[in-house]
Amino acid sequence: MNIKNIIFSIFSYIRSIFLIFSNIFASRETRLYPEQPLNLSLRYRGRIILTRDPNGLERCVACNLCSAVCPVNCISLKKSENSDGRWYAKFFRINLSRCIFCGLCEEACPTAAIQLIPDIELSEFKRKKLIYEKKDLLISGPGKFPEYNFYSVSGVKNNIESHDIDSKKILNCVDVTSLLP
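In terms of the UniProt record's numbering, the sequence shown has 100 at position 100, counting the first letter as 1, and numbering is strictly consecutive.
Hints listed in this document are in silico derivations from the structure and should not be mistaken for laboratory results. Misleading hints may appear alongside valid ones.
Said to hold, decoys possible - List time: in silico DSBU-like cross-link candidates among lysine-lysine, alpha-carbon distance up to 30 Å:
1. LYS90 - LYS79
2. LYS129 - LYS78
3. LYS144 - LYS129
4. LYS144 - LYS90
Said to hold, decoys possible - Distance windows between CB atoms, simulated:
5. SER80 - PRO34: 35 to 43 Å
6. GLU147 - ARG15: 58 to 66 Å
7. GLY85 - ARG28: 55 to 63 Å
8. ASN23 - ASP136: 53 to 61 Å
9. PRO34 - ALA68: 18 to 26 Å
10. SER9 - THR30: 28 to 36 Å
11. ASN95 - PHE25: 28 to 36 Å
12. LYS78 - ALA26: 27 to 35 Å
13. ARG43 - ARG127: 51 to 59 Å
Each residue gets a CB set at the ideal place from its N, CA and C atoms; glycine is no exception.
Just need the whole structure built from these sequences, with the hints factored in.
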């Protein structure tokens, strides 16, 4: 062993001891989850829900776009028709053991019926319980878009009166043809 290696070894021991003692009194980075809530970003994609429109009816019109765009085919549904001619999902099933929470179903939905909310408590002991039916997914509120009503925006006439929804305010968007060269 030469003197250079001995000096390097002593320096690395001293540096290691210094780092250990400097980090002993530092604050912890670990959060104890159930006691301390996690700070999730607003864009976090967690639990999948089905929402209702401002009138209280289901937003899902069973267009199958969410099922078609899903890369792992975890969404299945069947279309049916009400007495007033409005389509709805007779059954809506999501297999969360296959879902990768990519959010493509939320982007593809024209009615904003399917939404991903920042909820992380999805664990189950049995895989069968990760298959969510329509009754498990349907919530009583409008979700992230409380003022959006697909039928007032699309121009489809229905028997339901829309409450305080101004479709001109919702449709106030950029005309894409004016941006073309």
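- Item | Distance restraint hint 58 to 66 Å, applied to the beta-carbon atoms of GLU147 and ARG15 | holds (60 Å)
- Going straight from one Cα to the other, do LYS90 and LYS79 come out at no more than 30 Å? holds (6 Å)
- Range hint 28 to 36 Å: satisfied by the CB atoms of SER9 and THR30? Between SER9 and THR30, where Cβ atoms are some 32 Å apart, the hint holds.
- Item | Holds or violated: LYS144 to LYS129, with C-alpha atoms at most 30 Å apart | holds (26 Å)
- Message: Quick check on a hinted range of 53 to 61 Å for ASN23 and ASP136, using CB atoms only.
- Response: At roughly 46 Å between Cβ atoms, ASP136 and ASN23 fall outside 53 to 61 Å, so the hint is violated.
- Message: Quick check on a hinted range of 35 to 43 Å for SER80 and PRO34, using CB atoms only.
- Response: Cβ of SER80 to Cβ of PRO34: about 41 Å, so the range 35 to 43 Å holds.
- Item | Restraint check for LYS129 with LYS78, where alpha carbons must lie at most 30 Å apart | holds (21 Å)
- Status of the given 18 to 26 Å range, CB of ALA68 versus CB of PRO34: At 38 Å between Cβs, range violated.
- Query: Using the C-beta atoms of LYS78 and ALA26, is the stated range 27 to 35 Å upheld?
  - Reply: Given a distance of about 56 Å, which is not inside 27 to 35 Å, the answer is violated.
- Message: For the hint 51 to 59 Å, verify it against the beta carbon of ARG43 and that of ARG127.
- Response: At 28 Å between Cβs, range violated.
- LYS144 paired with LYS90 [C-alpha distance capped at 30 Å]: holds (24 Å)
- Starting from the range 55 to 63 Å, see whether the pair GLY85 and ARG28 falls in it by beta-carbon distance. The hinted range 55 to 63 Å holds for GLY85 and ARG28, with Cβ atoms some 60 Å apart.
Taken one by one, the earlier hints fail for this structure at numbers 8, 9, 11, 12 and 13, listed in ascending order.
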